[in-house]
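These protein sequences, in sequence, are chains A and B. Per numbering that gives the first Met the number 0, the very first residue in the first sequence carries number 0; after that it's consecutive. Per numbering that gives the first Met the number 0, the very first residue in the second sequence carries number 0; after that it's consecutive.
Don't read these hints as lab results, they were simulated from the structure. Some clues are possibly wrong.
[Unchecked claim] Taking lysine-lysine and the BS3-like style, the derived pairs with C-alpha atoms no more than 25 Å apart in a straight line are:
{"id": "1", "chain 1": "A", "residue 1": "Lys40", "chain 2": "B", "residue 2": "Lys40"}
{"id": "2", "chain 1": "B", "residue 1": "Lys40", "chain 2": "A", "residue 2": "Lys65"}
{"id": "3", "chain 1": "B", "residue 1": "Lys65", "chain 2": "B", "residue 2": "Lys13"}
{"id": "4", "chain 1": "A", "residue 1": "Lys65", "chain 2": "A", "residue 2": "Lys13"}
There are 2 protein chains.
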Amino acid sequence: MRPIGVIHSPFTDKEQMPIQASRSQTIGLVEVYPEFADGLKDIEELSHIHLFYVFHQSSGYALQVKPFLDDREHGIFATRYPYRPNPLGISTVRLLSRQDNALDIEGVDVLDGTPLLDIKPYVPDFDLRTDVRAGWYETRSKK
Amino acid sequence: MRPIGVIHSPFTDKEQMPIQASRSQTIGLVEVYPEFADGLKDIEELSHIHLFYVFHQSSGYALQVKPFLDDREHGIFATRYPYRPNPLGISTVRLLSRQDNALDIEGVDVLDGTPLLDIKPYVPDFDLRTDVRAGWYETRSKK
Numbered sequence: 000m001r002p003i004g005v006i007h008s009p010f011t012d013k014e015q016m017p018i019q020a021s022r023s024q025t026i027g028l029v030e031v032y033p034e035f036a037d038g039l040k041d042i043e044e045l046s047h048i049h050l051f052y053v054f055h056q057s058s059g060y061a062l063q064v065k066p067f068l069d070d071r072e073h074g075i076f077a078t079r080y081p082y083r084p085n086p087l088g089i090s091t092v093r094l095l096s097r098q099d100n101a102l103d104i105e106g107v108d109v110l111d112g113t114p115l116l117d118i119k120p121y122v123p124d125f126d127l128r129t130d131v132r133a134g135w136y137e138t139r140s141k142k
Numbered sequence: 000m001r002p003i004g005v006i007h008s009p010f011t012d013k014e015q016m017p018i019q020a021s022r023s024q025t026i027g028l029v030e031v032y033p034e035f036a037d038g039l040k041d042i043e044e045l046s047h048i049h050l051f052y053v054f055h056q057s058s059g060y061a062l063q064v065k066p067f068l069d070d071r072e073h074g075i076f077a078t079r080y081p082y083r084p085n086p087l088g089i090s091t092v093r094l095l096s097r098q099d100n101a102l103d104i105e106g107v108d109v110l111d112g113t114p115l116l117d118i119k120p121y122v123p124d125f126d127l128r129t130d131v132r133a134g135w136y137e138t139r140s141k142k
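Isolated chain A, as found in the complex (with noise of 0.2 Å):
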C-alpha cells in the first residue's frame, strides 16, 4: 500500500476534529496524485464518495477502547476509534467539484495531510441497509 494522494483539511490538531464525516460539513480538498489522475474519469457524476486513508498520527494501538461517544469499554472492531491495528480510515464525504486532480469535498474530519489510499463511488444500491441495530451506539451517537 502506498499513497495514491492527499486529503487537505484545515484540522491540524486532533482536538479540533469533527467525530465523523457525517456531523461535517467543513470543506477540504483531495489532491490525487497526477500518476493516478486518470482514475478520477467520470467521478464528478457521483455526488458522494468513500475516501479511504491511514490514520497517519495514530501510533500503536488497543483493543479495547473508551470511544469519543462512551463512557464504556468496547472492543477497537466495534468502534470506529483510529487507534487500531491496522490504522486504516473511511469517510463518506460529499464531492463538490473536480478540477483535473483536485477534488473539492464537503465533510472532511480527517486530519490535513492525511494519506489517501483510495476513493470509490457511494453506490446506495451497494451501501445502503436498513434495519440496522447499531448496538451500543443506539444510544450514544446522537449524542
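Take the given structure of chain A and dock chain B to it, following the hints.
Relative to the frame of chain A, chain B by itself:
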C-alpha cells in the same frame, strides 16, 4: 498493514462471485486471529459490520476499467472494480452470530481465504447518506 484474520466463503473462483455484498445472501465466516479476539468485545450487539480486506488475487491495476455493470470505461476511482492501485476492498455484511473469535456473516462477496485488515461497525448515523447521485451507476447498477 498485516492481516488480523481471514474471511472464509464458498467462493473459490472469481467467476462464481456475486457482484456486491448487497446482492449476496451467501453465508461466510470471519476468523479473527486469537491475538486480536479481545477487539471483538460487544460486536455481537451490531447487526451489520464493514469488512476491510485485500483483493489478494488482484495483481496490478488499471486506471480506467470497464466494470461488471457497464460496457463503457470509467476511472477506477469511480468504480468498485478490484484492480486498484491499492487493492483494498470493503463489504458491508450482516452479522449473524459470534463464537469467540469467529463471526458468522450473511452477504459475503469475497473469495475464500481473503485476508482481513479491519472490521468497523455500520452505524446509520455515520454511514447513511440520502440525496445521493450515483452517476453512471444510476442507470447500470440495477441490471
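Evaluated hints:
1. The suggested pairing of Lys40 (chain A) with Lys40 (chain B) is violated, with an alpha-carbon distance near 41 Å, which exceeds 25 Å.
2. For the given pair, Lys40 (chain B) sits about 12 Å from Lys65 (chain A) by alpha-carbon distance, which is consistent with the 25 Å threshold.
3. For the hint linking Lys65 (chain B) to Lys13 (chain B), the alpha-carbon distance of about 16 Å falls within 25 Å, and the restraint holds.
4. Distance hint between Lys65 (chain A) and Lys13 (chain A) is fulfilled; the C-alpha atoms sit about 16 Å from each other, no more than 25 Å.
Against the hints set out earlier in the document, a violation occurs for number 1 only.
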